[in-house]
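So the sequences go chain by chain: A and B.
Take the first sequence: its letter number 86 is residue 86 in our numbering, and every next letter is one higher.
Take the second sequence: its letter number 110 is residue 110 in our numbering, and every next letter is one higher.
Hints are computed from structural coordinates only; laboratory data are not their basis.
Only a predicted model underlies this, so the values are computations on that prediction, with no experimental measurement involved.
We put the CB at the ideal spot given by N, CA and C, even for glycine.
Don't take every hint at face value.
Claimed, not checked - Only some residues are given here: those of chain B computed to face chain A with a beta carbon under 10 Å: (1) 18; (2) 28; (3) 32; (4) 101; (5) 102; (6) 105; (7) 106; (8) 107; (9) 263.
To be verified - Over 10 Å on every C-beta distance to chain A, these chain B residues come out as not near it, computed from the model: (10) 24; (11) 50; (12) 51; (13) 111.
To be verified - Simulated restraints, written as ranges between beta carbons of each label pair: (14) B/36 <-> A/17: 16 to 22 Å; (15) B/137 <-> A/53: 55 to 61 Å; (16) A/61 <-> B/250: 29 to 35 Å; (17) B/265 <-> A/211: 27 to 33 Å.
In case you want the letters, here they are:
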Amino acid sequence: MDRELAIRLRGAVKRYGEITAVDGLNLSVPVGTCAGKSTTMRLLTAQSIADEGEIEVLGFRLPEESKMARAQSGVVPQLDNLDVTLTVEQNLLVFAHLYRIPHAERKAAIERAIEMARLVDRRDTRVDKLSGGMRRRLLIARALIHRPRLVLLDEPTVGLDPQVRQQLWALIDALRSEGTTILMSTHYIEEAQRLADTVLIMSHGKCAATGAPSELVLEHAGREVLEVYGPPTRLAEVEAEAGEAGLRTRRTGTSVSILNVDGFRGFEGERRPANLEDVFVLLTGEEIA
Amino acid sequence: MSVTAARPQRLHRLERSAITGVLVREVVNFSSYWRSATFSSTVEPTIYLLAFGFGFGSLVSSVAGYSYVEFVGTGTVATAVLFSAAFPAMFGTFVKYQFQRTYDAILAAPVDTEELVTAETLWIATRAGVYGCVPMVVAMFFGLDPSWGMLLVPFIGWLSGFGWACFGIMVAGFAKSIENFNYIVSAVLTPLFLLAGSFFPLSELPTWAQVLGNLNPLHQTVELVRHAVFGLEGWEDLARVGMLVVFGLIMWRVAIYAMTRKLID
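Work out the full structure: start from the sequences and follow the hints.
This is the structure we're talking about:
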């Protein structure tokens, strides 16, 4: 049973002085699913050592056996750390060595990665001459060069154009369908809803909720949400009235979203399906500390 | 789907494949900056050699039994080793850690900090061994006679360079900012560099300075190079090699400690 979990955290705690970045986190990611935050990511590669709790990755205990887990994992960092003075192909060559791909398979692995990044005609281009989207694709292809069983993606689509983001989504989805386990952290809730089998919402280092996106939405926000627009004073009234009617609301900037309004009449507004963002804001609070 | 990943063998400390991986990165990178690295490592000691060689050489005909060109030509080998080991190690490590975040990428692969530091050191030591020979080669154009012992010089440079590379990585590991390097350069490297016996023999200095000089790994490097070129002195030189080995081993472990502290939180 244990071996079927790609990642298991039990009561993981990581403190930086006064700040507790990860606070008693439990996380079980079964093999072959697509489900976080930066410190959690670092814990999983033993670049950060937990103060408390147990961590297992691909059945290996961390930090003692971390190197074996890392050999079968690929990491896409949030911040680009490609060698910018090297070409696309040279970057991949270096990581083919770092991930110990045997000599006989190396050339094919590099070719496959170049194709996956769709940089065939850019193989000899220096990284500092690539566009942001190309660099991100290379960063991902670099992490996949050794066909890892587990891929850790830390905010892979941050700062990208919608088109590029969609390309990456397709890539991630293809990986998952091939049976690779993916752990992804993201601030784009839409992304989590689209891609993830299991979502874990973290707030202040703790798990606020976990489950399949559709289940989380149904449980916390219901089927439908009523979006009421108006000036700030009107929005405050709507919030108060909805509260009296026993309904939960969340602010959406220009509107108030009344959650779980299935079958409820009383307010004028636009009905829309509830989504994971409703759940996220509801559970983590409207104000970001 | 995984073919290459299905290798359940245990991984150990200081593995060759991990060190090779880091070395491959350095070698591939070197292909993009070898000109500037070679230029600075070659030109600096040559300037010292020419300035001191012609400057002092016109005043003093012989020092400690050598002609001044012979004395400085062999002495500045150690200077070149220091410059091409400690400085790239300090700045390179800091840049790769802080600005390029290269080490984050490497440590996410099956490479431990110990292997990373060891590989970087081996690479820098090898460069220092090669670049260290430059002043000697230049001096040959100005009257230093070739000898078989010169073939030992790259190895002496390598051994010394190993320690100085680890020293530089250690400094980068402990430094909070790149400005901290100024303290190390002014308070540690400059005195050591002057108190090495490259440009003048330590025998003319006060006793305390001679004692300090004898503890200076750079001085041992200078003496070893001179003896290799002009004639080895048996046990005494073996003791100097021993000192460099001890220096290298201590610095190696401290560098690993410093970088582990820096890279793993």
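Do the hints match the structure? See the list:
Against a cut-off of 10 Å between C-beta atoms, the interface hint on residue 18 of chain B holds, since the closest Cβ of chain A lies about 8 Å away. The beta carbon of residue 28 of chain B is positioned within 10 Å of a beta carbon in chain A (closest approach about 5 Å), and the interface hint is therefore held. Given hint, residue 32 of chain B at the interface with chain A, holds; its Cβ is 5 Å from that chain's nearest Cβ, closer than 10 Å. The closest approach between the C-beta of residue 101 of chain B and any C-beta of chain A is roughly 4 Å, which is under the 10 Å cut-off, so the hint is satisfied.
The interface hint given for residue 102 of chain B holds, since its Cβ lies 6 Å from the closest Cβ of chain A, which is under the 10 Å cut-off. With 10 Å as the threshold, the beta carbon of residue 105 of chain B comes within range of chain A, its nearest partner Cβ sitting at about 4 Å, so the hint holds. Taken as an interface hint, residue 106 of chain B checks out: its beta carbon lies about 6 Å from the nearest beta carbon of chain A, inside 10 Å. The restraint placing residue 107 of chain B at the interface with chain A holds, with a minimum CB-CB distance near 5 Å, inside the 10 Å limit.
Restraint check, residue 263 of chain B versus chain A: the minimum CB separation of about 7 Å is within 10 Å; hint holds. Distance check on residue 24 of chain B: its Cβ comes as close as 4 Å (rounded) to a Cβ of chain A, failing to clear the 10 Å threshold; non-interface status is violated. The Cβ of residue 50 of chain B sits about 32 Å from the closest Cβ of chain A, beyond the 10 Å cut-off, so the non-interface label holds. No Cβ of chain A comes within 10 Å of the Cβ of residue 51 of chain B; the nearest lies about 33 Å off, and the non-interface call holds.
Distance to chain A contradicts residue 111 of chain B as a non-interface residue, since its nearest Cβ pair spans about 6 Å, not more than 10 Å. Against the hinted window of 16 to 22 Å, the Cβ-Cβ separation of residue 36 of chain B and residue 17 of chain A comes to about 40 Å, which falls outside the hint. Taking the beta carbon of each, residue 137 of chain B and residue 53 of chain A are about 59 Å apart, inside 55 to 61 Å as hinted. Checked against the hint of 29 to 35 Å, the C-beta distance between residue 61 of chain A and residue 250 of chain B comes to roughly 32 Å, which is consistent with it.
The given range of 27 to 33 Å is respected by residue 265 of chain B and residue 211 of chain A, whose C-beta atoms sit roughly 31 Å from each other.
Going through the hint list in order, the structure does not satisfy hints 10, 13, 14.
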